[in-house]
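Colleague: Chain by chain, the residues run as shown.
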Amino acid sequence: MNRSGIIRRPRTEAAKSPASDERELLARVVAGDLRAFERLYRLYQPRLSRFLTTLLRRPQLIEEVLDDTMMVVWQSADRFRGSSKLSTWIFAIAYRKAHKARLKWPDPIEEPEQDTRLSEDPAPDDELHHQKLHDSLMRAMDQLSADHRAVVELTYFHGLGYREIAEIVDCPVDTVKTRMFHARRRLKQAIGGRLSDWF
Amino acid sequence: MDRIQPAIGPHDAAEELLPWYATGQLDATERAQVESHLYSCAACREQLTAERRLIGEFQTTSPQVESGWARLKARIDPPRPVQSFKFPIFADLWGILSRPAVATLAAAQLALIVVGGGALYSLTRPDYHVLGAAPVPASANAIVMFAPNAREADVQGALNAASASIVGGPTVAGAYLVHLDPAKRNAGLGKLQGDQAVQLAQPIDGTAP
Chain B
1 MNRSGIIRRP
11 RTEAAKSPAS
21 DERELLARVV
31 AGDLRAFERL
41 YRLYQPRLSR
51 FLTTLLRRPQ
61 LIEEVLDDTM
71 MVVWQSADRF
81 RGSSKLSTWI
91 FAIAYRKAHK
101 ARLKWPDPIE
111 EPEQDTRLSE
121 DPAPDDELHH
131 QKLHDSLMRA
141 MDQLSADHRA
151 VVELTYFHGL
161 GYREIAEIVD
171 CPVDTVKTRM
181 FHARRRLKQA
191 IGGRLSDWF
Chain S
1 MDRIQPAIGP
11 HDAAEELLPW
21 YATGQLDATE
31 RAQVESHLYS
41 CAACREQLTA
51 ERRLIGEFQT
61 TSPQVESGWA
71 RLKARIDPPR
81 PVQSFKFPIF
91 ADLWGILSRP
101 AVATLAAAQL
111 ALIVVGGGAL
121 YSLTRPDYHV
131 LGAAPVPASA
141 NAIVMFAPNA
151 READVQGALN
161 AASASIVGGP
171 TVAGAYLVHL
181 DPAKRNAGLG
191 KLQGDQAVQL
201 AQPIDGTAP
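Line by line, the protein sequences are chains B and S. Per the numbering used here, the first sequence starts with residue 1, numbered consecutively. Per the numbering used here, the second sequence starts with residue 1, numbered consecutively.
Calculated directly from the structure, the hints in this document are not laboratory data. As the structure is a prediction and not an experimental result, all values here were calculated from the model. Errors might be hidden in some of the hints.
[Stated by the list, open to error] List time: in silico BS3-like cross-link candidates among lysine-lysine, alpha-carbon distance up to 30 Å: (1) B:Lys85 / B:Lys100; (2) B:Lys85 / S:Lys73; (3) S:Lys73 / B:Lys104; (4) B:Lys100 / S:Lys73.
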């Protein structure tokens, strides 16, 4: 955190790897280097898996879409022109694949919406209370649309800017901001508006 | 829900950007705009704290990588048994032999030869003979298994055509030990192997046919 209180990009595996290293890996992938592709896979698999878990309700679809996404990277690496970040290109492929998968296999029918708000009663155990807060938040995420979940996930977990997210989900930047605004409102409602619980 | 909002005031504009301010993803102009607003807005400062906590909550453990990589690698390069052969022709031969159907047949033949060989050994080993006992029968130099539907006449015809005679058997596997005239052994084997009544005919005298 710097003087102005900005939290730097979340520390994920890909964030540790400079973009130039990823470009170099991709160049080797273009040449058919399977070991380079394995390294790229290991860099992106956790991020993509998490992203797709947010978008898709069916575990078997998550694996399938992740594999299909990385197969596109393996087979079409030469199509990456470098006009965007490599991560943007890969996430956009994953998003499109997930979108197609959802059209083919709609989400299973959810149980009726539950009241996700927390009780006002203080919990006797801080850890237990935090766990309840976390569970409540995740349930609220589940109740958002896939498009809203994608924006929240790409922002909070993957640390992407709204312009990059707009490229991935292929929509105007204002739409990304609006989706995030409404999603945050729903999440705040889910935790009962008790922001003090979070401090 | 996704409609683009009309012109919004400084508070809404700053609040909208807070998530990306918290993750450090704003450019310098936007960052200055948000910081300027934060200075005078307690609600947004509180919201910023909540944003940071949300980010922390979303940083959870990632799924296992190993099983996923193994799955994808298998799709790219299906595993093959690794065999090292000095000569490519042996590698090709191993490829044929390692096919399931061929391997099963080869295993069955091997088992048959082992059983037949054991029977041959027991039949041809020197027995104790008293004086005046019958002469030792001609030694077997081939093993034959007849087709299950072969009639006696078919068996007899096959043996006659090959100038062969049964000297032992049947073994537990249903094979017979036969003697072929050594001078015509190869031709006799060929005739047996080509006969429909014969399922298997193999030399067992250690000499190639």
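Colleague: A separate judgement is required for each hint: does it hold in the structure or not?
Modeller: For each hint, the structure was consulted:
1. Annotation: proposed proximity of Lys85 of chain B to Lys100 of chain B holds, straight-line Cα distance about 23 Å (limit 30 Å).
2. Distance check on the hinted pair: Lys85 of chain B and Lys73 of chain S sit about 25 Å apart at the alpha-carbon level, within 30 Å; holds.
3. Restraint check: the Cα-Cα separation between Lys73 of chain S and Lys104 of chain B comes to about 26 Å, which is no more than 30 Å; the hinted pair holds.
4. Distance check on the hinted pair: Lys100 of chain B and Lys73 of chain S sit about 24 Å apart at the alpha-carbon level, within 30 Å; holds.
Hint violations for this structure: none, all hints satisfied.
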